[in-house]
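Protein chains: 2
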Amino acid sequence: METLIIKGNIISAAEFGELEITENGYLIAENGKIKGIYQELPREYEESKVEDYGDALVMQSFADMHLHAPQYPMLGMGMDMPLLEWLNTYTFPTEACFKDQDFARRAYHRLARELAAKGTTRVCMFSSIHREATLILMEELENAGITGYVGKVNMDRNGGVNYQETTEESISETVKWLERCNFEHIKPMITPRFTPSCSNELMQELGRIAKEKNLPIQSHLSENTGELDMVKKLHPDCAQYWETYQKYGLWNDRTLMAHCVWSDDRERKAIKDAGVWAVHCAASNENLVSGYAPVRVMVNEGVNVVLGSDIAGGDHLSMFKNITAAIRASKARRILDDWKTEFLSVEEAFYLGTSAAAPFFGEKPGFAPGNALHALVLEDFSLPSVRPLSVRERFGRAIYRREHGGIRAVYSEGKKIFSK
Amino acid sequence: METLIIKGNIISAAEFGELEITENGYLIAENGKIKGIYQELPREYEESKVEDYGDALVMQSFADMHLHAPQYPMLGMGMDMPLLEWLNTYTFPTEACFKDQDFARRAYHRLARELAAKGTTRVCMFSSIHREATLILMEELENAGITGYVGKVNMDRNGGVNYQETTEESISETVKWLERCNFEHIKPMITPRFTPSCSNELMQELGRIAKEKNLPIQSHLSENTGELDMVKKLHPDCAQYWETYQKYGLWNDRTLMAHCVWSDDRERKAIKDAGVWAVHCAASNENLVSGYAPVRVMVNEGVNVVLGSDIAGGDHLSMFKNITAAIRASKARRILDDWKTEFLSVEEAFYLGTSAAAPFFGEKPGFAPGNALHALVLEDFSLPSVRPLSVRERFGRAIYRREHGGIRAVYSEGKKIFSK
Chain A
1 METLIIKGNI
11 ISAAEFGELE
21 ITENGYLIAE
31 NGKIKGIYQE
41 LPREYEESKV
51 EDYGDALVMQ
61 SFADMHLHAP
71 QYPMLGMGMD
81 MPLLEWLNTY
91 TFPTEACFKD
101 QDFARRAYHR
111 LARELAAKGT
121 TRVCMFSSIH
131 REATLILMEE
141 LENAGITGYV
151 GKVNMDRNGG
161 VNYQETTEES
171 ISETVKWLER
181 CNFEHIKPMI
191 TPRFTPSCSN
201 ELMQELGRIA
211 KEKNLPIQSH
221 LSENTGELDM
231 VKKLHPDCAQ
241 YWETYQKYGL
251 WNDRTLMAHC
261 VWSDDRERKA
271 IKDAGVWAVH
281 CAASNENLVS
291 GYAPVRVMVN
301 EGVNVVLGSD
311 IAGGDHLSMF
321 KNITAAIRAS
331 KARRILDDWK
341 TEFLSVEEAF
351 YLGTSAAAPF
361 FGEKPGFAPG
371 NALHALVLED
381 FSLPSVRPLS
391 VRERFGRAIY
401 RREHGGIRAV
411 YSEGKKIFSK
Chain B
1 METLIIKGNI
11 ISAAEFGELE
21 ITENGYLIAE
31 NGKIKGIYQE
41 LPREYEESKV
51 EDYGDALVMQ
61 SFADMHLHAP
71 QYPMLGMGMD
81 MPLLEWLNTY
91 TFPTEACFKD
101 QDFARRAYHR
111 LARELAAKGT
121 TRVCMFSSIH
131 REATLILMEE
141 LENAGITGYV
151 GKVNMDRNGG
161 VNYQETTEES
171 ISETVKWLER
181 CNFEHIKPMI
191 TPRFTPSCSN
201 ELMQELGRIA
211 KEKNLPIQSH
221 LSENTGELDM
231 VKKLHPDCAQ
241 YWETYQKYGL
251 WNDRTLMAHC
261 VWSDDRERKA
271 IKDAGVWAVH
281 CAASNENLVS
291 GYAPVRVMVN
301 EGVNVVLGSD
311 IAGGDHLSMF
321 KNITAAIRAS
331 KARRILDDWK
341 TEFLSVEEAF
351 YLGTSAAAPF
361 FGEKPGFAPG
371 NALHALVLED
381 FSLPSVRPLS
391 VRERFGRAIY
401 RREHGGIRAV
411 YSEGKKIFSK
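From first to last, the protein sequence lines are chains A and B. If you count the first sequence from 1, position 215 lands on 215 in the numbering used here, and the numbers rise without skipping. If you count the second sequence from 1, position 130 lands on 130 in the numbering used here, and the numbers rise without skipping.
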């Protein structure tokens, strides 16, 4: 039995909008699974080693539920362009370079380490179309202690120069890739890029594979109005975008759909009824002027909403920054909605970036007993303060701003994967 | 004659939306004033020492034209509150603590050093109501090499507990403060907090002092709809908010007005006609859900628009972050305007954060000959890249994201005030 005891100010998002705070408490895990949070160290652990972080904040680490690994080298570039132009000018040419396995190894090694250092311990990630680079990505994530899912991207139409597969290649490469996915913590996910990139034949086959192998699915939905028009032309038989996925068996309670910016009442109902996961990527939507997803409305309607950095549409990997981006976007949405919808509180946005994703991984929100331990330890600020701050106040500020090197340690599946 | 020669990729915002880039060039200053930018080192300087930054970016440093120094300790706090509640809960109690001169010294010493380290070399800044703390702030800025203006805040109504002056105190303290302002690079500025905080008598007297001593003026205008209602009640004789300043001689071409979020056609015309400066504080407006200032429209109409971090409504001092916030806000504005207004490009927003403020300080945009040298040197990224990037591409990315420690040096008035 391997015991891990972390001491500090323990903070978790047990419910949407509700923090559970245990000041100077003990977070205990056995064999990587959480046993509980304790105000006093239980007698049975009196002899055990305690990792004592003093007055630091010990909080849940993050789940980044939508990001594009091969766009990592172009972070922060082309931010003046709308989605479809940006894809052709920057995105496809950059992703095409991941045919080069040495380059992929270098970029992905760094990406995986940076995720760990920033406290992202769970991901659902798009790779490129390349089988070998996708396996390299999975291996690098596994080695860095990151957990979750990765998908080899499928796209057999509307790609860029040197960046498109034939339908047959796309399917056969996917099958070969799946045969070689033997990682402990990183699993495969079926990943049609989005409807404009995938022929009907390819979509059909991907739906079949997902069903046969019982795999989760990720793609994009209703990000941008130009995209909606394109999908409408490609699928005149479908009343709405989501139906292009549903038609081919790619629409169920293990499907992640990034964006959902323009999902109206009917589409949101389809998302909710199927148990599909809406991945809100606020920073990306801001950068590419896609719009502001109706997050508050989706949450109220009972849609599963989680967060994604969506790099490189998003310009930062740090989920702290993506959480504040979600708050900001909800404030813009409030103004667009004529002050009728509430913005996200810090507690609520933190929940979306952590606990909201737990059920996707078969777990409960917060530091619930039985969950795998995913946590980070944060030192806060040395700014002069006019009075002692509560742990809640320190937490709120830490979400908005941290000093360089503030993250002292990150734990994933009960293992320390980063320390300063 | 003191000569400074900086070598690197020289980037400046010579015109709104136009960068001037000299790759591997020389930026030369004599006695703190820019001589010129040269592709080859002029023969007369062949014997001079060159500060060679290799392939780094050498760009204009920033002007932060609106920020509240005594709100520095509360950065990132209370971001879930609307303006007026936030003022009473966090702002006024925090500012009140600057009665304590030791505390003021500690906080302002750190603030001044942080400004320098982040590449902000020019400021127009609100202090608190306290004379001594305001002098301490000016001294700390001067010592850190920051230049610009600071104002002791005046407020004789609607303040907080222990944070308000009588009209007489406010005036006499202002006079005493002005008598002691003898700093080389930090000058005083008349600073009525905003109309709701200042009685008519106080406003009148401040207008008189500004005129008599030929001082610039800073205040707030049309930030928030609740504030507009309040001003309307206090000044039933004024058709619009700006007239409450104009009435008392506080409205001219050396007046800075922060926010202007809700300034309509008529108010914007009054701003333009008087040559008043509109300080756009995008991050603060986002955080406090104030709204989105019509920046593009103001610029098109010929209003002087500059940028402010507005800490602690804004959550970051770094003007890099406030420049991207301005871009983001202009994108939100585009959506609010039904896609009819253009968002700010990176070049345009960089201009607003640098060159746009130059005429306020009696200078020309960009690295114009005769300007005082205000510059920063930035190393960019070690991210693997799929191809060599142009200096313009590197600049665009650097505005969005920098690595910790990326700023290698900062120069203000020709002196190196920060180096790594």
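These are calculated hints, taken from the structure and not from any lab test. Heads up, a few of these hints could be off.
Here are some of the chain A residues that sit facing chain B, going by a computed Cβ distance under 7 Å [as the list claims (entries may be wrong)]: (1) Thr3; (2) Met77; (3) Thr94; (4) Lys99; (5) Arg105; (6) Trp177; (7) Leu178; (8) Glu179; (9) Arg180; (10) Phe183; (11) Glu286; (12) Ser345; (13) Val386; (14) Pro388; (15) Arg392.
For glycine and all other residues, C-beta sits at the position ideal for the given N, C-alpha and C.
Results of checking the hints against the structure:
{"no.": "1", "hint": "Thr3", "verdict": "violated, 35 Å"}
{"no.": "2", "hint": "Met77", "verdict": "holds, 5 Å"}
{"no.": "3", "hint": "Thr94", "verdict": "holds, 5 Å"}
{"no.": "4", "hint": "Lys99", "verdict": "violated, 11 Å"}
{"no.": "5", "hint": "Arg105", "verdict": "violated, 10 Å"}
{"no.": "6", "hint": "Trp177", "verdict": "violated, 22 Å"}
{"no.": "7", "hint": "Leu178", "verdict": "violated, 27 Å"}
{"no.": "8", "hint": "Glu179", "verdict": "violated, 29 Å"}
{"no.": "9", "hint": "Arg180", "verdict": "violated, 24 Å"}
{"no.": "10", "hint": "Phe183", "verdict": "violated, 23 Å"}
{"no.": "11", "hint": "Glu286", "verdict": "holds, 5 Å"}
{"no.": "12", "hint": "Ser345", "verdict": "holds, 5 Å"}
{"no.": "13", "hint": "Val386", "verdict": "holds, 4 Å"}
{"no.": "14", "hint": "Pro388", "verdict": "violated, 12 Å"}
{"no.": "15", "hint": "Arg392", "verdict": "violated, 11 Å"}
Comparing the model with each numbered hint stated earlier shows that hints 1, 4, 5, 6, 7, 8, 9, 10, 14 and 15 do not hold.
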